[in-house]
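First to last, the protein sequences are chains W and A. Per numbering that gives the first Met the number 0, the very first residue in the first sequence carries number 0; after that it's consecutive. Per numbering that gives the first Met the number 0, the very first residue in the second sequence carries number 0; after that it's consecutive.
No lab work stands behind these hints, which were simulated from the structure alone. A couple of the hints might just be wrong.
Note that the list lumps identical chains together, so a pair holds whenever it fits in one copy or between two copies.
No farther apart than 27 Å at their CA atoms in a straight line, the calculated lysine-lysine pairs in the BS3-like style are these [claimed, not checked]:
1. K54 / K148
2. K126 / K78
3. K257 / K95
4. K267 / K126
5. K78 / K194
6. K61 / K337
7. K267 / K96
8. K78 / K96
Note that the structure is predicted; figures quoted are calculated from it, not measured.
Number of protein chains: 2
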Amino acid sequence: MAAQSSPHAGNEPNPLLIFDALNGFARATALKAAIELEVFTFIGAGAGTAAELAKRAQTSPKGMRILCDFMVIQGFLAKQGETYGLTRDSAVFLDKKSPAYMGSAAFFLVHPTHVANFMDLTAAVRKGGTVNEQGNMGPEAPIWLEFAKWMAPISAMGSAALAQIVNTPGQGMKVLDIAAGPGAYGIAIAKLNPKAEIYGLDWKNVLALSMEHAHQAGVGDRYHGIAGSAFEVDLGNGYDLVLLPNFLHHFDHATNVKLLQRVRAVMKPGGRVATVEFVPNDDRITPATAAAFSMMMLGSTESGDAYTFKELDAMFRDAGFGESTAQELGPQTLILTKY
Amino acid sequence: MAAQSSPHAGNEPNPLLIFDALNGFARATALKAAIELEVFTFIGAGAGTAAELAKRAQTSPKGMRILCDFMVIQGFLAKQGETYGLTRDSAVFLDKKSPAYMGSAAFFLVHPTHVANFMDLTAAVRKGGTVNEQGNMGPEAPIWLEFAKWMAPISAMGSAALAQIVNTPGQGMKVLDIAAGPGAYGIAIAKLNPKAEIYGLDWKNVLALSMEHAHQAGVGDRYHGIAGSAFEVDLGNGYDLVLLPNFLHHFDHATNVKLLQRVRAVMKPGGRVATVEFVPNDDRITPATAAAFSMMMLGSTESGDAYTFKELDAMFRDAGFGESTAQELGPQTLILTKY
């Protein structure tokens with residue numbers, strides 16, 4: 000409810016922001032429903048009224064009308080008379096025919112297992128971490144495969160840019176991709192550099208997906224799997240580059256230092272680590288999405304957080320690494336750290 | 000995330016609005032946690048840093064820091080350096096010492112039973128109503144008592160204004176309050192007009208609360224209970240005024256017409272009905288809060304909706320009533336209908 004969400008709108012005290020926030024779960028589940036029913040895709044293909052959309056999506060006309068109006072209120076659709084249209088962002092990200100489609104993120108972010116982590120945040124605040132057993136973090140937890148499947152389009156967004164930044168053209172590269180997930184970052188490097196050899200590490204069930212994506216991208220012969228925990232499995236050695244996409248936020252400082260020591264031990268001197276994270280500024284309230292990510296970690300991990308650049312830099316230094324530098328990578332931050 | 004929520008902010012396609020919406024449940028549950036931990040009340044009483052707040056609320060410092068920063072991002076707290084402060088709205092509505100405190104609404108709106116209704120909105124859109132058995136609507140459902148308890152401060156906000164509007168000073172008034180809940184509207188009339196006799200109708204378990212509030216307000220001797228379903232119980236007769244606060248939105252047109260016929264039959268000719276509802280404009284997308292309320296009804300009722308003034312007027316006319324007029328009552332609308 001963009002127009003009414005500003006805490007400073009109007010001159011009178013207004014309880015609507017509070018009311019809207021308390022109804023926030025409907026915002027999430029309604030967007031998921033619209034994605035699941037392919038409302039944005041049908042509108043992109045020409046269906047304009049609730050009646051037409053209900054027919055195509057095989058829903059009740061009333062349910063579709065309420066859903067579409069709610070999407071207009073939330074800023075995901077436009078409405079002229081009785082006709083709905085896509086917004087700029089929904090055309091790019093929520094129409095299945097768009098190459099940047101990321102609607103599938105809904106199935107991870109509104110997954111019942113994930114939502115369950117947030118139902119008792121009071122207890123999580125008391126404790127300083129998730130109150131669900133292991134949170135999402137269990138080995139081979141089915142949610143990680145869901146995550147890898149559904150977040151693939153999102154990591155795909157930043158992967159080409161990352162590959163351009165870290166590539167060493169004409170030279171061989173031995174790359175370790177820790178918690179490879181859908182494999183996007185490593186695969187993008189392999190596509191750009193025909194001499195790159197990628198070692199993707201993840202849980203066995205997730206790794207099957209990384210490998211499949213590598214084969215689909217035509218780099219399967221240079222994509223090697225390491226199944227297991229990054230804290231325990233043999234990591235191999237001689238890496239020019241280690242990728243750490245969205246991994247450090249799951250753990251506390253001491254655990255990350257231990258991991259980074261393991262990582263440094265298998266790198267070539269002169270190699271680099273490329274970390275992708277949501278990195279809030281030192282004020283911890285900007286940028287909003289990166290700063291808000293700390294709440295996601297509080298609800299879903301034992302001891303994770305959204306770390307500032309200073310905090311990440313300190314972890315690397317405590318593990319023996321050299322200088323770190325930061326640059327924007329879409330809504331996230333790419334941190335390059337010297338051996 | 001007010002600053003980033005506008006679908007038209009910036010010139011590049013931006014997936015953050017989508018990401019934010021899919022994380023909407025955390026917005027709801029985090030605000031509930033902050034209310035439950037009395038964060039706003041402690042800040043109002045002078046606690047300023049996360050460390051101080053953690054001590055007072057007996058939480059982990061880390062959890063409190065993440066919670067407070069998240070509240071800043073959501074617009075419910077301010078932050079200067081390490082010190083948190085209340086916003087205008089959180090001072091008025093979320094500090095327990097404020098007379099307009101409405102934090103208790105969180106316990107109904109983020110009640111697990113209520114949230115469960117929204118976990119499969121796709122199916123609700125297909126069907127055109129809730130897919131949970133009876134939704135929230137079962138007789139004597141425990142959630143109605145929760146509702147009445149926790150929503151009391153909210154209905155209290157509009158009740159004094161409503162009483163001023165409908166009062167007939169110096170004259171006796173026999174008032175029927177249908178689905179009285181916490182009883183605020185009827186009690187406000189009884190306080191304003193010493194000759195008013197109020198008949199509050201609700202489920203038996205809820206009515207105990209209405210009666211208790213009437214006694215606390217010193218009007219218990221003029222507050223009478225009618226326990227049961229508004230569709231079945233003997234309503235009495237000879238009413239000058241019938242209150243219908245937040246009731247019609249639970250049902251479809253035909254059901255409401257049947258109810259309104261029952262209501263008209265027990266009124267004095269020349270009497271009035273005072274309906275309080277979230278009433279969207281004909282475009283069904285403004286005002287945002289009233290229009291969005293239709294989604295709450297889709298998820299939690301068999302056949303309810305947020306009705307436009309035209310639709311409400313048609314229900315009254317189909318039941319034999321005369322003219323209806325509408326006026327603002329806080330974030331809701333007061334509709335006065337002639338016999």
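Structure-based check of all given hints:
In this homomeric assembly, K54 and K148 never come within 27 Å of each other (Cα to Cα): the closest approach is 29 Å inside a single copy and 42 Å across copies. Taking identical chains as interchangeable, the C-alpha atoms of K126 and K78 lie at most 27 Å apart only when they sit on different chains, with a minimum of 23 Å there against 45 Å within one chain. Taking the closest pair of Cα atoms, K257 and K95 never come within 27 Å of each other, the shortest separation being 42 Å inside a single copy and 45 Å across copies. Taking the shortest alpha-carbon separations for K267 and K126, neither the intra-copy value of 40 Å nor the inter-copy value of 60 Å comes in at or below 27 Å.
In this homomeric assembly, K78 and K194 never come within 27 Å of each other (Cα to Cα): the closest approach is 51 Å inside a single copy and 50 Å across copies. Proximity of K61 to K337 under the C-alpha cut-off of 27 Å is found in neither arrangement, the shortest distances being 58 Å within a copy and 30 Å between copies. Taking the shortest Cα distances, K267 and K96 never come within 27 Å of each other, neither inside one copy (43 Å) nor across copies (62 Å). Proximity of K78 and K96 under a CA criterion of 27 Å is satisfied intra-copy only: 21 Å inside one chain copy versus 43 Å between copies.
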